[in-house]
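Sequences listed follow chains A and B, in order. Plus 77 on top of the position in the first sequence (first one is 1) and you've got the working numbering. Plus 77 on top of the position in the second sequence (first one is 1) and you've got the working numbering.
I should point out that these hints are in silico values taken from the structure, not numbers from a laboratory. Check the hints yourself; a few may be wrong.
No distinction is drawn between identical chains; accordingly, a pair holds when it is met within one copy or between any pair of copies.
Said to hold, decoys possible - Cut-off 27 Å, straight-line C-alpha distance, at most; resulting in silico cross-link-like pairs (DSSO-like, lysine-lysine):
(1) K221 with K130
(2) K243 with K221
(3) K204 with K221
(4) K114 with K235
(5) K204 with K130
(6) K165 with K204
(7) K208 with K140
(8) K165 with K140
(9) K235 with K221
(10) K204 with K140
(11) K243 with K165
(12) K130 with K114
(13) K130 with K231
(14) K204 with K114
(15) K114 with K208
(16) K204 with K235
(17) K165 with K114
2 protein chains.
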Amino acid sequence: MRYELYYWPGIQGRGEFVRLALEDAGADYVDVARNEKTGMAAMTRLLENRAVKHAPFAPPFLKAGNLIIAQSANILLYLGPRLGLAPKSDAGRLWAHQLQLTVADWVAELHDTHHPISGALYYEEQKREAKRRAADFRRERLPKFLGYFNDVLKNNPKGSKYVLGKAVSYVDLSLFQMIEGLRYAFPRTMRELEPTHRQMTELHRRISDRPRLSAYLSSPRRLPFNQEGIFRRYPELDA
Amino acid sequence: MRYELYYWPGIQGRGEFVRLALEDAGADYVDVARNEKTGMAAMTRLLENRAVKHAPFAPPFLKAGNLIIAQSANILLYLGPRLGLAPKSDAGRLWAHQLQLTVADWVAELHDTHHPISGALYYEEQKREAKRRAADFRRERLPKFLGYFNDVLKNNPKGSKYVLGKAVSYVDLSLFQMIEGLRYAFPRTMRELEPTHRQMTELHRRISDRPRLSAYLSSPRRLPFNQEGIFRRYPELDA
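In isolation and in its complexed conformation, chain A is listed as follows (with noise of 0.2 Å):
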């Protein structure tokens, strides 16, 4: 099956989730929007009918044959056996995806640090509260869920090299991700943080070297980080 992925064309943001995981599987997707000429025509067409079955409330979702999935922690409980990064078991599928919501959950508190008041202003709107956000952001926040992520490698009992048994799993893919967006828009404070979460450091080469996702990461297929998307770089905010 082509999987057809809607999201914003411009930024990584939580579509990557999805794409990393479609990346690392080798499957056959097409990245809708950003098809120049008809991409966001048909990303809105669905977006804007609510009268379409299971009518996403945002970005990214996924077309799959006649089904529609939004949220991207649902899309990827829905493709992670699919593609062979979830666990077998029904146990094991609730617990990466508990792992997995709390990676959403740690996407959105990171987004809040430069717009802690509205995603509808600009971030020099709202500036001098994302510096207040962002300290509070680097000091309690994000040392814990580092620090939880870092204690679950930890803690595998079947070893630290991936968060979920043995095999690599979609989790995984997520974890690299936050490393890689935190080191882009936090470099200071993730040079503060990683030595003390090795696990992490760790797990972020261990996903970098898988040969198809090296080969998407160096392809036009990557989209750079940038100051539109969920991770952006302001060194005032990571004082």
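Based on these hints, arrange chain B on the given structure of chain A.
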């Protein structure tokens, strides 16, 4: 099976979405942390031990036999079919979960109206920022979420009684809770918005009339809304 729910004992919070499902189904469960003598110690023991299998990042979490499941939407994904509160098909369950994750996003945004800077600071320490964020929430985000779910009800091909097909699901119970909480936190705004979102108002009434749910709502098990929870009444945020 007797389920064990773990959540902060003094508030409805995110635990309430799980409680409503358990109560409506008449399930056998214990609200562990509300035991005044042993409850918080039992919850803390599980929260602080990262070596525990499927360690939660935060409450709520559910113990079902030997299984620990965290993240309220994930708990409902697990409980839904077991409590008769989810569709039978896989596609229907993904759709229910997609909606529940959108409720979770709504809850997170609502929480940040009174805590836009940090969950570790008092409201009074972020009151100015809260006013700005709450104004954006009332003007932009609340109508967007309300309108989305109202449209989902309107466009249900099986009728507008419930969000999914012809039968009640855990998503309907969660939407009841959203209306309930929003009326508490933003009474003026909701008086303005409800007349144009009638399907939501009607759903709220339909759910509150369910015998087991209405018995629960008037029981001491239902904690009152208060100024510690997610839904708080600060008149200055409801301008």
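query: Any hints this thing doesn't respect? Which numbers, in order?
result: Violated hints: 4, 5, 6, 7, 10, 14, 15, 16, 17; rest satisfied.
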